[in-house]
Amino acid sequence: MTTTEAILNYAAMQRGTFQRKDLLRDIVSKQTDIKERAVDLQISRLIASGILLRRGRGEYLLTENSLPEFVYKPSETEKDIFLKLRKQFPFLDMCIWSPRVLSFFMIHVPNIGYTFVDVEKEGMESVFHALQNMNLSQNILFAPSAKDCERYLTGTDAIVVRQLIGQSPLTEVDGSTVPRIEKILVDAIGDNEIQFAGGSEIYNIYEYARERNNVNMSKLMRYASRRNRKEKVEQIINTIEHDKSKE
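Going by the numbering used here, the residue at position 216 of the sequence shown is 1129; the numbering climbs one at a time, nothing skipped.
Simulated from the structure, these hints should not be mistaken for laboratory data.
Source: prediction; values computed, not measured.
Ideal Cβ placement from N, Cα and C applies to all residues, glycine included.
Keep in mind that the hints are not guaranteed to be accurate.
[As the list claims (entries may be wrong)] Label-pair ranges, simulated between beta-carbon atoms: (1) R1013 with I1153: 17 to 27 Å; (2) R999 with T930: 37 to 47 Å; (3) N1046 with H1021: 29 to 39 Å; (4) D1087 with Q1148: 32 to 42 Å; (5) Q1080 with K1145: 10 to 20 Å; (6) H1021 with K934: 46 to 56 Å; (7) S1050 with Q944: 27 to 37 Å.
[To be verified] The calculated DSBU-like cross-link candidates involving lysine-lysine, where the alpha carbons are at most 35 Å apart (straight line), are: (8) K1132 with K986; (9) K1034 with K986; (10) K1145 with K1132; (11) K1060 with K992; (12) K1034 with K1143; (13) K1034 with K997; (14) K997 with K986; (15) K1143 with K1060.
With the sequences and hints as input, model every part of the structure.
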């Protein structure tokens, strides 16, 4: 994480003004490679660019619409798998990611070791067989049922081939196609492979994700509609906003 990302993540979590001394304490305790001088330099740059406002001596406020974009960074293994698949199937729409990314927004973090390859329906079987031929020493699951997920995914290292819904919010990072935060949030509601995000935890995920990152609500709702989950997304967000209003 860069110095700027560390500052913005901390600022987003404060829901208001924050003190420089508290910011430094938080960053230094988590990232010993970031120095105080670098923090002060980035604060000055963020103020100059209008992302931070100075509210007093050593006191700052994150301006509206300045939350950082969420970026899913694929692992070296994920990049290697994706590039091999892309070379073999250059015209298939697909993306790669792991639901372990949700742990950043959760209170109770489960043991998640599996990776998703989401691919358009017509290419799912071809990609499944291609992954089997890569000799990855991992279980390769094809569109598993809820029971299959309970049986084969808990605490395991596996690759799951799933259907990529048309017009999913995607982006490209390090040459690999990966999901945007909007896809991750909607997929977390009800997907067989992401049952660990159910119950009260889904509210934590949505609250912390929206506090720390810029979530495009239009993209979120459009994708939720395509997955018949718009009402559920709205209910989660409305509940969070209602609870905040009572604080």
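Here's how the hints hold up against the structure:
1. Take R1013 and I1153: their Cβ atoms lie about 23 Å apart, and the range 17 to 27 Å holds.
2. Checked against the hint of 37 to 47 Å, the C-beta distance between R999 and T930 comes to roughly 46 Å, which is consistent with it.
3. Separation of N1046 from H1021 is about 37 Å and conforms to the stated range, judged on CB atoms against 29 to 39 Å.
4. Our hint of 32 to 42 Å for D1087 and Q1148 holds, since their Cβ atoms are close to 36 Å apart.
5. Between Q1080 and K1145 the beta carbons are some 19 Å apart, a value that agrees with the proposed interval 10 to 20 Å.
6. A C-beta distance of roughly 31 Å is found between H1021 and K934, which places it outside the suggested range of 46 to 56 Å.
7. For S1050 and Q944, the Cβ-Cβ distance of about 33 Å falls inside the hinted range of 27 to 37 Å, so the restraint holds.
8. At roughly 20 Å between alpha-carbon atoms, K1132 and K986 fall within 35 Å of each other, so this suggested pair holds.
9. Restraint check: the Cα-Cα separation between K1034 and K986 comes to about 25 Å, which is no more than 35 Å; the hinted pair holds.
10. Between the alpha carbons of K1145 and K1132 the distance comes to roughly 15 Å, so the proposed pair stays at or under 35 Å and holds.
11. At most 35 Å may separate the alpha-carbon atoms for a hinted pair to count; K1060 and K992 meet this at roughly 29 Å.
12. With a C-alpha separation of about 22 Å, the suggested pairing of K1034 with K1143 holds against the 35 Å cut-off.
13. Restraint check for K1034 and K997: the C-alpha separation of about 19 Å stays at or below 35 Å, so the hint holds.
14. Note on K997 and K986: the hinted pairing holds, with a Cα-Cα distance of about 18 Å set against a maximum of 35 Å.
15. Pair hint K1143 plus K1060 holds up; C-alpha atoms about 25 Å apart against a cutoff of 35 Å.
Of the numbered hints listed earlier, the single one contradicted by the structure is hint 6.
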